[in-house]
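Asker: Sequence:
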Amino acid sequence: MSTISTAHPDPQAYNRDNRTEAERAEVAPGEIAVGVVIGRASEYFDFFVYGIASVLVFPSVFFPFAPPLEGILYAFTIFAFAFIARPFGTSLFMWIQDRWGRSTKLTAALFLLGSCTAGIAFLPGYNSLGFTSIVLLSIFRIGQGLALGGSWDGLPSLLALNAPKNRRGWYAMLGQLGAPVGFVVASALFAFLHSSLTQEDFLGWGWRYPFFAAFSINVVALFARLRLVVTHEYERQLNERELEPTSVVELVRNQGSNIFIGAFAALASYALFHIVTVFPLSWIVLKSGQPVSEFLVVQIFGGLLAAVAMLASGVIADRIGRRRTLATLASLIAVFSGFAPLLLNGGR
0 MSTISTAHPD PQAYNRDNRT EAERAEVAPG EIAVGVVIGR ASEYFDFFVY GIASVLVFPS
60 VFFPFAPPLE GILYAFTIFA FAFIARPFGT SLFMWIQDRW GRSTKLTAAL FLLGSCTAGI
120 AFLPGYNSLG FTSIVLLSIF RIGQGLALGG SWDGLPSLLA LNAPKNRRGW YAMLGQLGAP
180 VGFVVASALF AFLHSSLTQE DFLGWGWRYP FFAAFSINVV ALFARLRLVV THEYERQLNE
240 RELEPTSVVE LVRNQGSNIF IGAFAALASY ALFHIVTVFP LSWIVLKSGQ PVSEFLVVQI
300 FGGLLAAVAM LASGVIADRI GRRRTLATLA SLIAVFSGFA PLLLNGGR
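In numbering that gives the first Met the number 0, the protein residues as written are 0 to 347.
Do not rely on the hints blindly, as some may be mistaken.
Stated by the list, open to error - Between beta-carbon pairs, the in silico distance windows are: (1) K164 with N253: 21 to 31 Å; (2) R321 with L250: 15 to 25 Å; (3) V314 with W204: 19 to 29 Å; (4) N165 with R235: 21 to 31 Å; (5) A308 with N165: 14 to 24 Å.
Simulated from the structure, these hints should not be mistaken for laboratory data. Fair warning: this is a prediction, and the values are worked out from it, not measured in the lab. Backbone N, C-alpha and C define an ideal beta-carbon position, used for all residues, glycine too.
Could you put together the complete structure from these sequences and hints?
Answerer: This is the structure we're talking about:
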């Protein structure tokens, strides 16, 4: 009589296999950091390409009927549309994520951002389309704002919360590097084109290349971030850290005070970045005879210095505390802002 032996699985082997699979699926902090920097740099590159073009290009291309100052003010008005649209974009894409998932939300947001950026690159000027060109420019800018509001994926928060307690300031700082990196690349591209081309060629077609570059960078950033957000480990870590999105009404009801504090605590640093980037360029164009390309080179060195200062701020925040660091630097920003007009006017 033959016997049939039943093989029982080895629990230890099963656990080893599961542990190995989990280790393979784990999202390393270094990968999150790379995704955060790439994502923020691509978004800020888009931001500063439009900001620089608002001074150097759009007054002549889309507002040739207005004096230089008014043309820049009109361009800045459209520039501001994206800031107004961003919170609405966040709400819209949170709804998309609830229905179709995070990867769909991120893909749709970056697709919208890239499409609007490419639309601006191909957009004819006022002399070809008249007032329609201004309307289309406004629509594309609002679309960029909606997309930027929806493209936040929780990676910066996840990176900071997963960091060791004594290095949390350093890891939270990494996402902020996207601003100077994006600004340096945008300024370098415009400086090269502005110095290499005649004014007619630059205003005719040269200014469009940075927008094409922004579209290409967005494609790279999309795949770099999708590689992280579609993993099960990423979902698990977001759930553990309570970073899953909730409805706007519920969020405001439960965390309204924190939202208010978080929005205004960093207001000084965001205001400073505009004071020392886009605004001085408009001042140079309107009030100074200094070549624009030379000033953009100065801006590039300023952006590199800002990146170094941000790296230092991460270390300092871990040494003396994030709250004290933020309060000290906000006070220094206030002092600098008082002297900024005098510096821009050459000390006069």
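Asker: So, for every hint listed, does it hold in this structure?
Answerer: Tested hints:
no., hint, result
1, K164 with N253: 21 to 31 Å, "holds, 25 Å"
2, R321 with L250: 15 to 25 Å, "holds, 23 Å"
3, V314 with W204: 19 to 29 Å, "violated, 45 Å"
4, N165 with R235: 21 to 31 Å, "holds, 24 Å"
5, A308 with N165: 14 to 24 Å, "holds, 21 Å"
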